[in-house]
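Enquirer: Protein chains in written order, with numbering that gives the first Met the number 0: chain A, 0 to 112; chain B, 0 to 135.
These aren't lab readings, by the way, just hints derived from the structure by calculation.
Beta carbons are placed, not taken as given, at the ideal position from N, Cα and C, and that holds for glycine.
Keep in mind that the hints are not guaranteed to be accurate.
What the hints assert, rightly or not - Calculated Cβ distances over 10 Å to all of chain A for the following chain B residues:
no.: 1; residue: His35
no.: 2; residue: Phe67
no.: 3; residue: Val73
no.: 4; residue: Arg79
no.: 5; residue: Asn126
Claimed, not checked - Once the Cα atoms are required to be at most 20 Å apart in a straight line, the calculated SDA-like pairs of lysine to any residue come out as:
no.: 6; chain 1: A; residue 1: Lys41; chain 2: A; residue 2: Lys85
no.: 7; chain 1: B; residue 1: Lys3; chain 2: B; residue 2: Glu122
no.: 8; chain 1: A; residue 1: Lys71; chain 2: B; residue 2: Asp22
no.: 9; chain 1: A; residue 1: Lys95; chain 2: B; residue 2: Arg112
no.: 10; chain 1: B; residue 1: Lys28; chain 2: A; residue 2: Thr83
no.: 11; chain 1: A; residue 1: Lys85; chain 2: B; residue 2: Arg129
no.: 12; chain 1: B; residue 1: Lys111; chain 2: B; residue 2: Ile85
no.: 13; chain 1: A; residue 1: Lys95; chain 2: B; residue 2: Leu4
no.: 14; chain 1: A; residue 1: Lys33; chain 2: B; residue 2: Ser99
no.: 15; chain 1: B; residue 1: Lys36; chain 2: A; residue 2: Glu82
no.: 16; chain 1: A; residue 1: Lys95; chain 2: B; residue 2: Arg100
no.: 17; chain 1: A; residue 1: Lys41; chain 2: B; residue 2: Arg100
no.: 18; chain 1: B; residue 1: Lys70; chain 2: B; residue 2: Glu122
no.: 19; chain 1: B; residue 1: Lys28; chain 2: B; residue 2: Lys77
no.: 20; chain 1: B; residue 1: Lys77; chain 2: B; residue 2: Leu4
no.: 21; chain 1: B; residue 1: Lys36; chain 2: A; residue 2: Asp89
no.: 22; chain 1: A; residue 1: Lys95; chain 2: A; residue 2: Ser109
no.: 23; chain 1: B; residue 1: Lys68; chain 2: B; residue 2: Asp22
no.: 24; chain 1: B; residue 1: Lys36; chain 2: B; residue 2: Asp115
no.: 25; chain 1: B; residue 1: Lys111; chain 2: A; residue 2: Thr83
no.: 26; chain 1: A; residue 1: Lys95; chain 2: B; residue 2: Ser92
no.: 27; chain 1: A; residue 1: Lys95; chain 2: B; residue 2: Glu95
no.: 28; chain 1: A; residue 1: Lys101; chain 2: A; residue 2: Ala76
no.: 29; chain 1: A; residue 1: Lys41; chain 2: A; residue 2: Thr83
Unchecked claim - Residues on chain A that point at chain B, a partial pick, calculated with CB under 7 Å:
no.: 30; residue: Asp21
no.: 31; residue: Leu65
no.: 32; residue: Leu70
no.: 33; residue: Ile90
no.: 34; residue: Glu94
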Amino acid sequence: MADISTENKDGIHFITVNGEIDAGSSIYLDDALKAALENDEKKIVADLSGLHYISSAGLGVFISHLDEFKLKNIQLALFGINETVKQVFDILGLEKLLTIEKTKEEAINSFDE
Amino acid sequence: MNSKLTIGCDKNELVRVRQFTSDMLEEHKVPDLQAHKLVLAVDEVCANLIIHANDCNPDSRIEYNIIFKPKQIVFTFKDRGVGFDINEYESPSMEELVSSRRQGGLGLMLVKRIMDKIEFSTEKNHNICRLIKMYP
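Go ahead and model the full structure; you've got the sequences and the hints to work with.
Expert: In structure tokens form, the structure reads like this:
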């Protein structure tokens, strides 16, 4: 239902999320972000172009790590969110809290050095 | 198409709830973006009933049905778990959620923003939760 893979390239940690993230599968996204924290990654790009559905459980995973990311100067950018998934972010006003870009390049370019 | 679905209180059942809801909304020609929001609200309420009201006990059942009325769609959930009126729940602010580092709290906020009316009642040991969406 949810397929998550990670890759490190040019100093950036990429997390690719495919499928559906709901109350049952959000733990896999949480595990991926926790692993990035443990590995002391400083720049994280989440590729959501293969994400078809996300419920509050998945959004809550991103939100729950924001405080720690800020404290540890970890930058997170999301990209590739489709129209139906984006409206979920919009309903909650999450664009104010998260860096959401259209393309991978824009996500990478959003980072401070 | 049967508009009733009974599920066990297992998080894996949420896929079936979403598919069922999506199929029903498609059959009634609800536009895709609107349907996606309604599926999300239903998923959130079901997840809440499974996890919090029924402690993920797969032997506990939730009866769910959708009724299409001339001016509204009514989603009804019936269970025997711990009763909880969403209307009495005060959603935390986004700032509170971020600083508390908790993962919960967004679901019912979504349900309240998507649905036009939420009703909760208890009848003969059953809790009944109704989500109502008005047609434009």
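Enquirer: Hints first: check each against the structure and report whether it holds.
Expert: Here's how the hints hold up against the structure:
no., hint, verdict
1, His35, "4 Å, violated"
2, Phe67, "21 Å, holds"
3, Val73, "21 Å, holds"
4, Arg79, "20 Å, holds"
5, Asn126, "19 Å, holds"
6, A:Lys41 with A:Lys85, "25 Å, violated"
7, B:Lys3 with B:Glu122, "19 Å, holds"
8, A:Lys71 with B:Asp22, "45 Å, violated"
9, A:Lys95 with B:Arg112, "18 Å, holds"
10, B:Lys28 with A:Thr83, "17 Å, holds"
11, A:Lys85 with B:Arg129, "26 Å, violated"
12, B:Lys111 with B:Ile85, "8 Å, holds"
13, A:Lys95 with B:Leu4, "38 Å, violated"
14, A:Lys33 with B:Ser99, "17 Å, holds"
15, B:Lys36 with A:Glu82, "12 Å, holds"
16, A:Lys95 with B:Arg100, "17 Å, holds"
17, A:Lys41 with B:Arg100, "19 Å, holds"
18, B:Lys70 with B:Glu122, "26 Å, violated"
19, B:Lys28 with B:Lys77, "26 Å, violated"
20, B:Lys77 with B:Leu4, "11 Å, holds"
21, B:Lys36 with A:Asp89, "11 Å, holds"
22, A:Lys95 with A:Ser109, "15 Å, holds"
23, B:Lys68 with B:Asp22, "17 Å, holds"
24, B:Lys36 with B:Asp115, "12 Å, holds"
25, B:Lys111 with A:Thr83, "18 Å, holds"
26, A:Lys95 with B:Ser92, "13 Å, holds"
27, A:Lys95 with B:Glu95, "15 Å, holds"
28, A:Lys101 with A:Ala76, "10 Å, holds"
29, A:Lys41 with A:Thr83, "29 Å, violated"
30, Asp21, "5 Å, holds"
31, Leu65, "5 Å, holds"
32, Leu70, "10 Å, violated"
33, Ile90, "5 Å, holds"
34, Glu94, "12 Å, violated"
Checked against the numbered hints above, the structure breaks hints 1, 6, 8, 11, 13, 18, 19, 29, 32 and 34 and satisfies the rest.
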